[in-house]
Structures are given as structure tokens and as C-alpha cells.
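A.B. asks: Sequence:
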Amino acid sequence: MAAALLLSFGASAQQSETVGGDRVLRVCEDPNNLPFSNRAGEGFENKIAELLARELGWTLEYTWFPQRMGFIRNTLRGRDPDSNRFKCDLVLGVPVGFELASTTKPYYRSTYALVYAKGKGLDSVTAPEGLLRLEPSKLKSLKLGVFGQSPAADWLLKHGLFDQVVSYQRQSGDPERYPGEIIEKDLATGAIDVAFVWGPIAGYFAKSATSATVAVVPFQPDPEIQFDFRIAMGVRFGEREWKDRMERLIEANRPRIQAILAAYGVPQLDDEGRIMAVPADPSLTRGAKSGK
Numbered sequence: 002m003a004a005a006l007l008l009s010f011g012a013s014a015q016q017s018e019t020v021g022g023d024r025v026l027r028v029c030e031d032p033n034n035l036p037f038s039n040r041a042g043e044g045f046e047n048k049i050a051e052l053l054a055r056e057l058g059w060t061l062e063y064t065w066f067p068q069r070m071g072f073i074r075n076t077l078r079g080r081d082p083d084s085n086r087f088k089c090d091l092v093l094g095v096p097v098g099f100e101l102a103s104t105t106k107p108y109y110r111s112t113y114a115l116v117y118a119k120g121k122g123l124d125s126v127t128a129p130e131g132l133l134r135l136e137p138s139k140l141k142s143l144k145l146g147v148f149g150q151s152p153a154a155d156w157l158l159k160h161g162l163f164d165q166v167v168s169y170q171r172q173s174g175d176p177e178r179y180p181g182e183i184i185e186k187d188l189a190t191g192a193i194d195v196a197f198v199w200g201p202i203a204g205y206f207a208k209s210a211t212s213a214t215v216a217v218v219p220f221q222p223d224p225e226i227q228f229d230f231r232i233a234m235g236v237r238f239g240e241r242e243w244k245d246r247m248e249r250l251i252e253a254n255r256p257r258i259q260a261i262l263a264a265y266g267v268p269q270l271d272d273e274g275r276i277m278a279v280p281a282d283p284s285l286t287r288g289a290k291s292g293k
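In my numbering, the protein residues as written are 2 to 293.
Careful, some of the hints might be misleading.
[Stated by the list, open to error] Mimicking BS3-like on lysine-lysine, the simulated pairs with C-alpha atoms at most 27 Å apart in a straight line are: (1) K144 - K186; (2) K139 - K159; (3) K121 - K139; (4) K121 - K186; (5) K119 - K139; (6) K186 - K139; (7) K208 - K121; (8) K121 - K159; (9) K141 - K186; (10) K208 - K144; (11) K119 - K141; (12) K208 - K119; (13) K186 - K119; (14) K119 - K144; (15) K121 - K141; (16) K119 - K159; (17) K141 - K159; (18) K186 - K208.
No lab work stands behind these hints: they were computed from the structure.
Please model the entire structure based on the sequences and the hints provided.
C.D. replies: Right, dumping it as C-alpha cells:
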């Protein structure tokens, strides 16, 4: 057993040394998951990957797989059958402490938010608690869209609003579905009155909404329910040198990463849990050379 472990470690270390040896940044991504990523390179994770590739002076390649069950197994841990090389070497957008990969220091911190269309009797809601202060008849009439097993679902349950919930699956079996539909389609058409979603989804689809002006109301850090999460990049366990290199790259480019996130409307929290005012610079979303 000890010999097997040593051999396993040796193979891992050898693989670690080859990451980037051919000057290719291989990133694992979902092909249809805006605002994070898509095949057209329109997501903010695409733009951050392009930034990293430019800074390294490497070509950028993607391995595409829907972010469903088996994503890590089929991407970061999967091997190409022809070359026996790992299919990709970096996953963006994983929470710090993610169990299936070794995570870097965080490159942003965001929070859940509630979203509504302005001009429909909700404009006074400038903090989540404002929803609870609406007239009882108004509050009781609202259809509240929320993803199951999320902090927002816990908050609605805590405040006795769960009977009004329209529940959405966190991971649909249909790869053509994406989380932003809750805002882009259902909120826009009136199928729901308020959407409770992860901040990056809220900010992006609010910015891109055309049928209505959409308000985004972030949740503040809460001692009882965790709404905010620190987001990192993931590499394979045992690849310390590669992880260190990514952490140095993140730190050196933190202002530019923050500006990309701001351009996509992502609510960003500082170390104290306060919403940061970060200027967006659209010039930072220019593409990079891509091999796939």
C-alpha cells in the first residue's frame, strides 16, 4: 500500500511539472452557463481566463462539459484518451474549500441577492428586510422564485414565506437550461415577482434586461444564514507549484479581475463584507488567442 501511494504521488508530481510545459492554459468550463462561461467566450470566467493566458503568454484552450454531476471527474480529473494528458488544468468559480479540488486563495467574494422589476410596487425595497415591511396584502400576493437548497430558500422559510415560493432546480438535466432564465424569462414575463439568486447571476441579467428596469438588492453577511461566499480557482490535489503560480497571477491581476467582474454587474464584497464600488473597464474584456 505504501509503495502504491508513493508511486501515485510520484505520478502526480510528474504531471504537475508538465502543466503548462507546452505553453497552453487548459481551462475546464461549461459551454452554456452565462454569466460565467459559454462557447462564444462571452462569460466573465472566459474573460478572466483570457487575462490569465495573456499574462502567461500562453494559448488558451477549453474543455467543455456541463456543470452537472461529474463535472470535475470529466474535466479536471479526466484524461484525453489519445494523449493521456489531463483534459484541463484549471477550474474557475469554485468556493474556497471545495472538496473535489485544491483551491487557490479567493479572487472574489459575492453574495446572494433579490431581484425585481421596478415600477411594480416594490421600489421601496432597498434591502432584503424591506420586503418584509411591505403591506401584508402586497407581500402575500408575491410569487417568489428561488433555487432549492439555497441560502435564500432558508431565509424565506425563516420568515414564513415559503408557501409563496416558485421552486427552481439548481442543476437541470437539460444542458440548454441556465440559471439566468429565472430573471431573463420568468421575472421578465411576470411568472414570478421576485427572484432570489446568486449575486453574479443577479447582476449580469439585471444589466442585460431589456423589457424592464431591474433592481438588484444584495444580502449582507448574516450570522445565521451564509449568503456570501469566497470564490477561488481549483487545481488537482498535489499540484502545489501550479497552484502557487495561479495564486501569484491572481494577486498580480486582482484590480483587473475586479474590473472584469464589475463590467458584468457582479456584486463584490470586501473583507469586511461591504459592497465594493469597483469601476468597470470594458477594455478588459477583449479576447485572447484560443486553441479550441
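A.B. asks: Run the distance test for K186 versus K208: straight-line Cα separation, threshold 27 Å.
C.D. replies: holds, 14 Å
A.B. asks: Mind checking the alpha carbons of K119 and K144 for me, to see if they're no more than 27 Å apart?
C.D. replies: Judged against 27 Å, a Cα distance of about 15 Å means the pair holds.
A.B. asks: Between K121 and K141, does the CA-CA distance stay at or below 27 Å?
C.D. replies: holds, 15 Å
A.B. asks: Are the Cα atoms of K141 and K159 separated by 27 Å or less?
C.D. replies: holds, 15 Å
A.B. asks: Under the criterion that the straight-line Cα-Cα distance not exceed 27 Å, is the pair K121, K139 satisfied?
C.D. replies: holds, 11 Å
A.B. asks: Mind checking the alpha carbons of K141 and K186 for me, to see if they're no more than 27 Å apart?
C.D. replies: This hinted pair holds, its Cα atoms lying about 22 Å apart.
A.B. asks: Quick one, are K121 and K159 close enough, alpha carbons at most 27 Å?
C.D. replies: holds, 25 Å
A.B. asks: Would the hint linking K119 and K139 be met if the CA-CA limit is 27 Å?
C.D. replies: holds, 15 Å
A.B. asks: For a C-alpha distance cap of 27 Å, please report whether K119 and K141 respect it.
C.D. replies: Holds, at about 18 Å.
A.B. asks: Are the Cα atoms of K186 and K119 separated by 27 Å or less?
C.D. replies: holds, 16 Å
A.B. asks: Verify the proposed pairing of K121 with K186, using a straight-line Cα cut of 27 Å.
C.D. replies: Status holds; Cα separation ~17 Å.
A.B. asks: Take a quick look at whether K208 and K121 sit within 27 Å of each other, Cα to Cα.
C.D. replies: holds, 18 Å
Figure legend: structure checked against the earlier numbered hints; every hint is met.
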